[in-house]
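A.B. asks: Listed in order, the protein sequences are those of chains B and X.
Heads up: the first sequence is residues 1 to 296, going by the working numbering.
Heads up: the second sequence is residues 1 to 171, going by the working numbering.
None of these hints come from the bench; they were simulated from the model.
Where is the CB? At the ideal position from N, CA and C, for every residue including glycine.
Heads up, a few of these hints could be off.
[Unchecked claim] Beta-carbon label-pair distances, calculated as ranges:
{"#": "1", "chain 1": "B", "residue 1": "Gly143", "chain 2": "X", "residue 2": "Ser159", "range": "55 to 63 angstroms"}
{"#": "2", "chain 1": "B", "residue 1": "Asp26", "chain 2": "X", "residue 2": "Val18", "range": "26 to 34 angstroms"}
{"#": "3", "chain 1": "X", "residue 1": "Ala81", "chain 2": "B", "residue 2": "Arg44", "range": "32 to 40 angstroms"}
{"#": "4", "chain 1": "B", "residue 1": "Ala238", "chain 2": "X", "residue 2": "Asp126", "range": "31 to 39 angstroms"}
{"#": "5", "chain 1": "B", "residue 1": "Glu288", "chain 2": "X", "residue 2": "Gly82", "range": "56 to 64 angstroms"}
{"#": "6", "chain 1": "X", "residue 1": "Arg155", "chain 2": "B", "residue 2": "Gly176", "range": "44 to 52 angstroms"}
{"#": "7", "chain 1": "B", "residue 1": "Glu69", "chain 2": "X", "residue 2": "Glu119", "range": "27 to 35 angstroms"}
{"#": "8", "chain 1": "B", "residue 1": "Ser67", "chain 2": "X", "residue 2": "Ala118", "range": "33 to 41 angstroms"}
{"#": "9", "chain 1": "B", "residue 1": "Ala238", "chain 2": "X", "residue 2": "Ala81", "range": "33 to 41 angstroms"}
{"#": "10", "chain 1": "B", "residue 1": "Ser142", "chain 2": "X", "residue 2": "Arg150", "range": "54 to 62 angstroms"}
{"#": "11", "chain 1": "X", "residue 1": "Ser2", "chain 2": "B", "residue 2": "Thr46", "range": "18 to 26 angstroms"}
{"#": "12", "chain 1": "X", "residue 1": "Asp55", "chain 2": "B", "residue 2": "Arg189", "range": "22 to 30 angstroms"}
{"#": "13", "chain 1": "X", "residue 1": "Arg138", "chain 2": "B", "residue 2": "Gly176", "range": "25 to 33 angstroms"}
{"#": "14", "chain 1": "X", "residue 1": "Ser2", "chain 2": "B", "residue 2": "Ser19", "range": "16 to 24 angstroms"}
Chain by chain, the residues:
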Amino acid sequence: MKPAPFSYHRAGDAAEAASLLAELGDDAKVLAGGQSLIPLLALRLTRFDHLIDLNRAADLSGIEVTSSEIRLGATVRQTDVVRSSALADTLSLLPLASQQVGHFQIRNRGTVGGSVAHADPAAEYPAVAVALDAAVDLLSASGSRSVSASDFFLSTFVTAIEPEELLTTLRFPVWGERSGFAVEEAARRSGDFAIAGAVAGVQLGSDDRISRAAIALFGVGSTPVRIAAAEAGLIGQARSELTESALAELGRLAVEGVDPPADVHASARYRRHLAAVMVARAVRHAVESGTPEARR
Amino acid sequence: MSTVAVTMTINGVSHSGVVEPRRTLADFLRADCGLTGTHLGCEHGVCGACSVLVDGEAVRSCLMFAVQADGSEVTTVEGLAGDSDHLHPVQEAFRETHGLQCGFCTPGFVISVTAFLAEHPNPSDDQIREGLSGNLCRCTGYQGILRAVRIAADRMAESRTAPAAGNSASV
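Next comes chain B alone, as it looks inside the complex (with noise of 0.2 angstroms):
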C-alpha cells in the first residue's frame, strides 16, 4: 500500500506548474488535495514519475465573488467551500455539495478543481459544474483556454484537459434572487460516492413561476448529464402545481434518456429509479429554498 516512487516537484505559481508540464510532459501529474490521486497511487492502480504539486501555488487558492460570477483557484478546498458565506449567500449549491464529498477530514485536504478534474461520475461536482454551466479555465506553457463544462467531461476519468495543461480556476455564473438549489443522493454510507443523485437549480419569476431550472444526474454515466427535457418542463410552473404526483412524473421523464450501468451496487433498472427519484426530491428542495418564506 506504498505509492511508487516519484520526483515530487512544489509549483510556486500556476506559470511554474504549466512550465513544470511542459517540461516533465506525459510522465507528470497534478497534485491537488490528494484525496483521489494518492489512493490510486497507493494501491498502485496508477503511477507517475513526477508529481506536481498545487498545494503551494500562492495564485490558485482563491474564492472570488463578483456580482456575476464566481472563481474557485484549482486549490480551494472543499471545507473552504463549506465555510464560506459568501458563497451561502451567492450560490448556495456549492456548499449544499460540499457537504455530501466524502468526509470532512477528506474535506479538508480535497479540493473542488481536483474533484472535477478527475471527474469520477458519481461525484457531486461534475454535476455541479454542468448543471450552473461552469467555466473551466485551463493554462498550459503555450497558453490559456477555458472550456465550458458541458464540454468538458467526456467519459469516467477523462476530461478536456490535455496533458501539459492544468486546471487553474473555476468559473459559476451567478444566479438572481429567489434562486434554491438542492442536491440529493442515494449512498450505501455516508460519505460513499452515490449509487445516483441529481443535483437542481431553480429561480422563481415575480409571478412565483419557475423562470430558470437546470438539473443534472450523477452516477447514471460515464459523464454527468443535464436533463433539458425536465428543465424545459419545469419553466413556467406555478410552485402550488408542483404536487408529489407532478414531481414523480418530472423525474420519470428525466430519466428517460439516461442508460446507467449496473454494479454490484445497483441494477441499471433501480439506479434508473433512483434517479427519477433523486430528481423530484431535488427539485421539491431547491424550490422549497428558493422562496422567501423557507429562508425564514
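With the hints as your guide, set chain X onto chain B.
C.D. replies: Here is chain X on its own, set in the frame of chain B:
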C-alpha cells in the same frame, strides 16, 4: 532515488528528516519520528485510523505526503493531553463510556472528535453521527463512542463557560 528534507513541528517539538517524496505523513510520524500512536489501517483513506491534525485541521495522514507537511504544525494523539498526568477530555470520555475495545481505531477517533468539537462545540446528535462517519470501528458498535462525544462536548462547554460566568451566554 530522490529524497527531500522535511521539517515540521509535531506536538510542539521540531522534527526533521530526509525522506523519499512518496513517504506518507503517517509513515513519517511512525517510522521517522517514532510516534506510533497514529495507526495505519487501510492506507487508502477509508478507515480514518491515521487521522492527525495538520495546522489544526483533521486530515488522513495516509493521504498526504510528509513533504507536503513541511513547515506545518502537526498534532498526533500523543500530543493531545498536554501533560502525562492527565487525559484530554475526549480521551477521558472514551475511557468512561467504553468508547473503545481493541483500541486500534481510537487514536483516529480521538483526533477527529477533537477537531469536530472545536468546530461544533454544541453538536446535535445528527451532527455527531455525521462527524463520526469518517472513522471506522469494528468492535464497539459505535454506541459508546456516540456517548463519549456527547459527554466530552458537555464537559468542554462547561469548562469554557465556568471561568466566564459573569458573561451573558450566547445562544
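A.B. asks: Hints first: check each against the structure and report whether it holds.
C.D. replies: To see whether the hints hold, each was checked on the structure:
1. Gly143(B) <-> Ser159(X): 55 to 63 angstroms: holds (57 angstroms)
2. Asp26(B) <-> Val18(X): 26 to 34 angstroms: holds (29 angstroms)
3. Ala81(X) <-> Arg44(B): 32 to 40 angstroms: Taking Cβ atoms as reference, Ala81(X) and Arg44(B) lie about 38 angstroms apart, which means the hint holds.
4. Ala238(B) <-> Asp126(X): 31 to 39 angstroms: Holds, since Ala238(B) and Asp126(X) (Cβ atoms, about 33 angstroms apart) stay within the stated range.
5. Glu288(B) <-> Gly82(X): 56 to 64 angstroms: violated (47 angstroms)
6. Arg155(X) <-> Gly176(B): 44 to 52 angstroms: For Arg155(X) and Gly176(B) the Cβ distance comes to about 47 angstroms; the hint holds.
7. Glu69(B) <-> Glu119(X): 27 to 35 angstroms: holds (29 angstroms)
8. Ser67(B) <-> Ala118(X): 33 to 41 angstroms: holds (35 angstroms)
9. Ala238(B) <-> Ala81(X): 33 to 41 angstroms: Since Ala238(B) and Ala81(X) have Cβ atoms about 60 angstroms apart, the given range 33 to 41 angstroms is violated.
10. Ser142(B) <-> Arg150(X): 54 to 62 angstroms: Since the Cβ atoms of Ser142(B) and Arg150(X) sit about 57 angstroms apart, the hinted range of 54 to 62 angstroms holds.
11. Ser2(X) <-> Thr46(B): 18 to 26 angstroms: With Cβ atoms ~19 angstroms apart, the hint holds.
12. Asp55(X) <-> Arg189(B): 22 to 30 angstroms: Given about 29 angstroms between the Cβ atoms, the range holds.
13. Arg138(X) <-> Gly176(B): 25 to 33 angstroms: Cβ of Arg138(X) to Cβ of Gly176(B): about 50 angstroms, so the range 25 to 33 angstroms is violated.
14. Ser2(X) <-> Ser19(B): 16 to 24 angstroms: holds (19 angstroms)
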